[in-house]
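Protein sequences, first through last, are from chains A and B.
Per this note's numbering: the first sequence ends with 613, consecutive numbering throughout.
Per this note's numbering: the second sequence ends with 221, consecutive numbering throughout.
What the hints contain is simulated information worked out from the structure, not anything from laboratory work.
Take these hints with a grain of salt, some might be off.
Claimed, not checked - Straight-line alpha carbon distances no greater than 20 Å define the calculated EDC-like cross-link-like pairs of lysine to aspartate or glutamate that follow:
hint	chain 1	residue 1	chain 2	residue 2
1	A	K485	B	E161
2	A	K462	A	D497
3	A	K394	A	D594
4	A	K462	B	D120
5	A	K394	A	D549
6	A	K436	A	D374
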Amino acid sequence: MRIRSVIFGILACCLTAAASQAQDTRNLLESKESLYNNIYVYEQPPYRSMTFGHNRRIYTESVYNTRDEKDLPVDYTRFMTATLMYAKDVHSILEIGFGGGRTAWYLHRFLPDVPVTSVELDPTVLELAKKYFGIKEEPNFHVANRDGRLFLQEAKDRYDIILIDAYRGPFVPFHLLTKEFYQLVKDHLADGGVVAQNVEPSTMLFDSAVKTINAVFPQLDFYRAEGNIVTVAYLGDERKPEDLAALAQERDKAYGLRYRLADMLAERRRIDVNGGDVIDANAKILSDDFAPVENLKSIERHNRKLP
Amino acid sequence: MTAALSRAGLLAIYICSFIVGSVLMGFEMLGSRYLFPYFGGGIGTWASLISTVLCALAIGYFAGSAIVDRHPSPRTIGTMILIAAAYLALVPATADPVMANILDHIGDGPSATLLASTALLLIPLTLLGTFSPIAVSLLTRSAAEAGRVAGLVYGVSTIGNVVGTLFTTFTLIPLIGSRAITYLFALALAVCAGILFIPFGKRAS
Chain A
307 MRIRSVIFGI
317 LACCLTAAAS
327 QAQDTRNLLE
337 SKESLYNNIY
347 VYEQPPYRSM
357 TFGHNRRIYT
367 ESVYNTRDEK
377 DLPVDYTRFM
387 TATLMYAKDV
397 HSILEIGFGG
407 GRTAWYLHRF
417 LPDVPVTSVE
427 LDPTVLELAK
437 KYFGIKEEPN
447 FHVANRDGRL
457 FLQEAKDRYD
467 IILIDAYRGP
477 FVPFHLLTKE
487 FYQLVKDHLA
497 DGGVVAQNVE
507 PSTMLFDSAV
517 KTINAVFPQL
527 DFYRAEGNIV
537 TVAYLGDERK
547 PEDLAALAQE
557 RDKAYGLRYR
567 LADMLAERRR
577 IDVNGGDVID
587 ANAKILSDDF
597 APVENLKSIE
607 RHNRKLP
Chain B
17 MTAALSRAGL
27 LAIYICSFIV
37 GSVLMGFEML
47 GSRYLFPYFG
57 GGIGTWASLI
67 STVLCALAIG
77 YFAGSAIVDR
87 HPSPRTIGTM
97 ILIAAAYLAL
107 VPATADPVMA
117 NILDHIGDGP
127 SATLLASTAL
137 LLIPLTLLGT
147 FSPIAVSLLT
157 RSAAEAGRVA
167 GLVYGVSTIG
177 NVVGTLFTTF
187 TLIPLIGSRA
197 ITYLFALALA
207 VCAGILFIPF
217 GKRAS
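My request is simple: use the sequences and hints to build the entire structure.
As structure tokens, this is what we get:
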């Protein structure tokens, strides 16, 4: 009996191993070494993914459905669009960190009359996005090859929505996560504008990031996606759920959005940033002077979950 | 050969060689913290920082070898290090306006990042670069031991480089702000200069 269960055990192990092998049927379309990254584009029909480094599970930057350009296969990218129910007006959108450009393209397709600008540091990422991810320059859709902070420093325009999703593999460039940076973001926000930042919540960097954003923007709403948390930040008073619901309904209808704002609203969470229950009371606000992002990234968060 | 130093004097020079080596690379790592907010975290910024440090060292080595021909003494290198310390002490208060100015007037291309890293690093690191050749000449008593002494000085200072790089990156930057670290480096250099100003006297042989 025991022997049999051992055999079954071994068999089960082999099957699992085979299954995980079988799962890895993705096909490498192109790999390219850029100034900043080693970029790999894989295909597993109908999806294409762009990864930095070989491990797609950890460092996937973007996933594109080749049969449906309006699909947002990565969960958190949908929640980045929740900003649409916050902004007073939607006349211009800025994204920092383009990657495969899915979020920006989704917004462009559903809001063709609104200029969407995206900023990407790595020219090779842009090249591959155009080659494999169905991205092209169009009226009202523009991608700038620039460091995000430099772009803001020089930009004269103000935006109704600013989306921040600048990662290099698992790393966050420190100068895009400091109080001074968010001050710059705030200075480029139109009246009634809103900011969304994608943050990965498993390390202490999350606590510091939340406190840093909160140092500039008094209001933070959180949306939990698979493995990521989208932080929506704005000025002024807390938005009332009924006001958000009304705007969500109006814009769902006006733009015909596939991922309905009204549905996202149900996932909205508020937390007490300074209470010490969710966000570590010792977490420090990051500044240009003090921003040990790599170090914070290596410390796991324990037992403090969003409600 | 120059006047021989006492045992304590020899030791002092090796200790300073280590500290100067540490501060040198530690400050290069800090350079990224001063430059990134203005010029971005791209590879161009790193290339500018690294090449400026190497330029500073090259100039420092040449200048050091010229000084060796004239009047090398612990006092001379002490003075060099003290000026570098003073320069570093000025950096935290002045770096931001200088960087902003460069960004406004020259932009963020290679010439701007090179100019910014030059403004930040060239002078203090050139002064620190004069240390090794002068130290070698002070420590060498006969032509026969020149090679051995040079090897020791560069070995000790390179270990200092490694410690400075790692300690700054993994301990200091997570612990305190870049401005505070800069003051700490200035202080370390001032202490070095102080040690070198101590009259250790001549070797009793």
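Right, here's what the structure says about each hint:
1. K485(A) with E161(B): Distance ~55 Å between K485(A) and E161(B) Cα, so the pair is violated.
2. K462(A) with D497(A): With a Cα-Cα distance of about 15 Å, the restraint between K462(A) and D497(A) holds, given a limit of 20 Å.
3. K394(A) with D594(A): violated, 31 Å
4. K462(A) with D120(B): Holds - the C-alpha atoms of D120(B) and K462(A) are around 14 Å apart, at most 20 Å.
5. K394(A) with D549(A): holds, 11 Å
6. K436(A) with D374(A): Holds, because 16 Å separates the two Cα atoms, which is no more than 20 Å.
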